[in-house]
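A.B. asks: Residue-level listing of the chains:
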Amino acid sequence: MLQRKISEIVDRQDAKLSMAHLTVSFVALFLGAIAGLLQTLVRSGTITLPAGIGYYQLLTAHGVLLGLIFTTYFIIGFLYAGISRTTGKLFDFPRRAGWYGFYLMTIGTVLGVIMVLLNKATVLYTFYAPLQASPWFYIALTLVIVGSWISGGGMFRQYYIWKKLHKGELSPLISFMAVMTMLLWLIATLGVAVSVLFQFIPWSFGWVDTINILLSRTLFWYFGHPLVYFWLLPAYICWYAIIPKIIGGKIFSDSLARLAFVLFLLFSIPVGFHHQLLESGISPFWKYLQVVLTFMVIIPSLMTAFSLFATFELSGRDKGATGLFGWFKKLPWKDARFFAPMMGMLIFIPAGAGGIINASNQMNQLVHNTLWVTGHFHLTVASSVALTFFGIGYWLVPHLTGRKLTAKMHKLANIQTILWVVGMFFMSGAMHTVGLFSAPRRTSYTTYNDHPDALGWIPYEVAMAIGGSILFIAILLLMYIMVNLGLFAPKGVEEFPLGELAQGAEKTPAVLENWKLWIGITVALILFAYTIPIFDMIQHAPPGSPGFKLW
Amino acid sequence: MHLHKYEKWWLMLGGGTLIIFLSVIGISAFAMGHAPPSDHMTIDPQKVSETKPFDEPGLKQIGENEYELVMVSQAFTFLPNEVQIPKGATVHFKVTSKDVVHGFAVTKTNINMMITPGHINSITHTFDEEGSYLILCNEYCGAGHQVMSARIEVS
Amino acid sequence: MEPKVNRKKPTQIDLKTTPDADKSLKGTFISVLILGAFIILSWAGVYFIFLSRL
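Protein chains in written order, with this note's numbering: chain A, 1 to 551; chain B, 1001 to 1155; chain C, 2001 to 2054.
Just chain A, same shape as in the assembly (with noise of 0.2 Å):
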């Protein structure tokens, strides 16, 4: 059989385009984080923004910048870095998809990027209709998905071409989460593609008058959840397949990480209306069985969060740990690749409560629209996901550049993981807290004509803006960091931490790589769940909605 031999350290030509990638990602993330902190003085009254800027326009860029630049840069960086590590150097067709696809999404970023400066596109990042940005905006991100997708073509291809050297082999683990990740993302994306094509773009240049909004609204909501779960699962390729390595510890189960992804891959589509429980249109009966559907996939968190513990225990047990929680204490805390990711494990256990309750049906209008949602979202992507993405660029980007993680820079690191664990203490704990009060996000500085109900939300507004600063500041040294990395560390090897089995591991059953067995259930799944309220949505239609531009 013909054998591939795998280099320990990632290609020099595939290194660049990961690291490509990863400029892009941090540098969306730098202006993102500058808009984030002006929100949180405006919003706190503060501050007051020189005429010609709008809170909203801020608010768009931090939302669009960070949620769908930042992070899809990131992964795919990650994701291309990760698969030429484990199935060898790319092949000619996965490298090229990898440049086109870059291309594209960086002609749309910049393109996108301009609207919103031009203050043509303040819509904020779901861009519900009927508010109506100019064309370019909804082109520009469609050049943004398109381009991912081709990215996501040539990591199917490599696979592919890895599977078929390889008859009979188990793929290696990250290239498998790796296709499960890109695959979840090309299914949820199909969505918003549809409602920009067929819906946003005619109507934005005036070729249809008007759009139906409850059904542009829940094809974005049906890529609006699973995209979380596209932010997430890179997290998890590192907790599951990487963090062992850095601990001196075992993949704890090959079968039970693989078995995670295909739950998420097929429960985390059909549930976007958790996003829309509020709304008119749609029967109590579908809502309430997307918050089912929703629950399932709440289990395979809580496999991962047994087999993390597990890896910990295990490892800390063979370093000689004893007792209850000696192996805790036999984590290496001290080092920046772990350090920052397991925050954002621990950060993940009340993001996760709290989007349980999120999900919980009535009780959304608790919470739905307030800062409390403002502060979930804060400790998943911005927190759990976010940490462990800074994490792996600490071995990342000096691993691609041939450079050295050097101790200077692994304190450096810890420090900006505490400055980030701090801030985020004090901003999404006063956003839950004032959200529970009603406290509404989105929204710029306001009493309501200084009614009691909204006076009281000021002092959280104000350790709000606290904990934003802070967080800039673990921004700023962030950005030292990676640029430290990248261009001034010493010259050298930076391991690409790559976890093993324990040996005598358990066989991974096959059938966790039938992609068509899989694939075929998430699409009966989101069938089932979309099929009948979306017919209702298009019978039912009421007369539609013209443009607004209220900005």
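Since the hints were derived computationally from the structure, they do not count as laboratory data.
One or more hints might be untrue.
[What the hints assert, rightly or not] Selected chain C positions facing chain B (in silico; Cβ < 8 Å):
id: 1; residue: Phe2029
id: 2; residue: Val2032
id: 3; residue: Ile2034
id: 4; residue: Gly2036
id: 5; residue: Ile2040
id: 6; residue: Leu2041
id: 7; residue: Ser2042
id: 8; residue: Trp2043
id: 9; residue: Phe2050
id: 10; residue: Arg2053
[What the hints assert, rightly or not] Below, computed lysine-lysine pairings styled on DSS-like, alpha-carbon distance capped at 27 Å:
id: 11; chain 1: B; residue 1: Lys1060; chain 2: B; residue 2: Lys1087
id: 12; chain 1: A; residue 1: Lys250; chain 2: A; residue 2: Lys89
id: 13; chain 1: C; residue 1: Lys2026; chain 2: A; residue 2: Lys319
id: 14; chain 1: A; residue 1: Lys250; chain 2: B; residue 2: Lys1005
id: 15; chain 1: A; residue 1: Lys549; chain 2: B; residue 2: Lys1047
id: 16; chain 1: A; residue 1: Lys334; chain 2: A; residue 2: Lys245
id: 17; chain 1: C; residue 1: Lys2026; chain 2: A; residue 2: Lys507
id: 18; chain 1: A; residue 1: Lys507; chain 2: A; residue 2: Lys250
id: 19; chain 1: A; residue 1: Lys334; chain 2: C; residue 2: Lys2026
id: 20; chain 1: A; residue 1: Lys549; chain 2: A; residue 2: Lys120
id: 21; chain 1: A; residue 1: Lys89; chain 2: A; residue 2: Lys329
id: 22; chain 1: A; residue 1: Lys120; chain 2: B; residue 2: Lys1098
id: 23; chain 1: A; residue 1: Lys408; chain 2: A; residue 2: Lys16
id: 24; chain 1: A; residue 1: Lys245; chain 2: B; residue 2: Lys1098
id: 25; chain 1: A; residue 1: Lys329; chain 2: A; residue 2: Lys16
id: 26; chain 1: B; residue 1: Lys1098; chain 2: A; residue 2: Lys330
id: 27; chain 1: A; residue 1: Lys250; chain 2: A; residue 2: Lys404
id: 28; chain 1: A; residue 1: Lys411; chain 2: A; residue 2: Lys329
id: 29; chain 1: C; residue 1: Lys2026; chain 2: B; residue 2: Lys1008
id: 30; chain 1: A; residue 1: Lys404; chain 2: A; residue 2: Lys334
id: 31; chain 1: C; residue 1: Lys2026; chain 2: A; residue 2: Lys250
id: 32; chain 1: B; residue 1: Lys1005; chain 2: A; residue 2: Lys319
id: 33; chain 1: A; residue 1: Lys250; chain 2: B; residue 2: Lys1008
id: 34; chain 1: B; residue 1: Lys1098; chain 2: A; residue 2: Lys549
id: 35; chain 1: A; residue 1: Lys334; chain 2: A; residue 2: Lys408
id: 36; chain 1: A; residue 1: Lys245; chain 2: A; residue 2: Lys411
id: 37; chain 1: B; residue 1: Lys1008; chain 2: A; residue 2: Lys507
id: 38; chain 1: B; residue 1: Lys1005; chain 2: C; residue 2: Lys2026
Where is the CB? At the ideal position from N, CA and C, for every residue including glycine.
For this one, chain A is given, so just place chains B and C on it according to the hints.
C.D. replies: The following block gives chains B and C in isolation, referenced to the frame of chain A:
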């Protein structure tokens, strides 16, 4: 696939807890009438002011201490803007939008719903406590979104 | 935030009788139980607020 004994226990406990959560909210929604606001009525969003009952927004008594409150949301106000109701009144809110998507939330209550143009949304609440309740739009609707509010005075 | 050793050890756990006896995952089990308790308490807390505002 082999599962560690504790992992089996954990998944059974976790799964069981989720089933309990789902049962509690399911029973509350379908047997006790607490399903989230999901009105199925539609309206022509460009003819709101000519369509009953939104041609005359306001409070209408329909029973003993029971009212229907018809409201129109539009950038960046609610109509009516201030409502007085007696303590203990049960109010059936009926709201639609003349332009873009708005939110409709009332502080200190569970009232929170989306107002999408073309659709009517409705919710019922009994105001047992005196005080000033703030109605606010909690869905971004444009440059003046942060001023969009109204008040309910319960006395 | 992190599990501390201040919880009672469950007495019903007997490692010796299981095929997993070589892998002690007691700490893991207690950790996830604490996690589960946190989820239940948060959820119940918010549900209680929901009921109080009906």
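A.B. asks: Look at each hint and say if it fits the structure.
C.D. replies: So, going through the hints one by one against the coordinates:
no.	hint	verdict
1	Phe2029	holds, 4 Å
2	Val2032	holds, 5 Å
3	Ile2034	violated, 12 Å
4	Gly2036	holds, 6 Å
5	Ile2040	holds, 6 Å
6	Leu2041	violated, 11 Å
7	Ser2042	violated, 11 Å
8	Trp2043	holds, 6 Å
9	Phe2050	holds, 6 Å
10	Arg2053	holds, 5 Å
11	B:Lys1060 with B:Lys1087	holds, 16 Å
12	A:Lys250 with A:Lys89	holds, 25 Å
13	C:Lys2026 with A:Lys319	holds, 16 Å
14	A:Lys250 with B:Lys1005	holds, 19 Å
15	A:Lys549 with B:Lys1047	holds, 19 Å
16	A:Lys334 with A:Lys245	holds, 15 Å
17	C:Lys2026 with A:Lys507	holds, 25 Å
18	A:Lys507 with A:Lys250	holds, 15 Å
19	A:Lys334 with C:Lys2026	holds, 25 Å
20	A:Lys549 with A:Lys120	holds, 9 Å
21	A:Lys89 with A:Lys329	violated, 38 Å
22	A:Lys120 with B:Lys1098	holds, 23 Å
23	A:Lys408 with A:Lys16	holds, 25 Å
24	A:Lys245 with B:Lys1098	violated, 58 Å
25	A:Lys329 with A:Lys16	violated, 38 Å
26	B:Lys1098 with A:Lys330	violated, 62 Å
27	A:Lys250 with A:Lys404	holds, 24 Å
28	A:Lys411 with A:Lys329	holds, 19 Å
29	C:Lys2026 with B:Lys1008	holds, 13 Å
30	A:Lys404 with A:Lys334	holds, 16 Å
31	C:Lys2026 with A:Lys250	holds, 18 Å
32	B:Lys1005 with A:Lys319	holds, 23 Å
33	A:Lys250 with B:Lys1008	holds, 21 Å
34	B:Lys1098 with A:Lys549	holds, 14 Å
35	A:Lys334 with A:Lys408	holds, 11 Å
36	A:Lys245 with A:Lys411	holds, 20 Å
37	B:Lys1008 with A:Lys507	holds, 19 Å
38	B:Lys1005 with C:Lys2026	holds, 11 Å
The structure does not agree with the numbered hints 3, 6, 7, 21, 24, 25, 26 stated previously, though it agrees with the rest.
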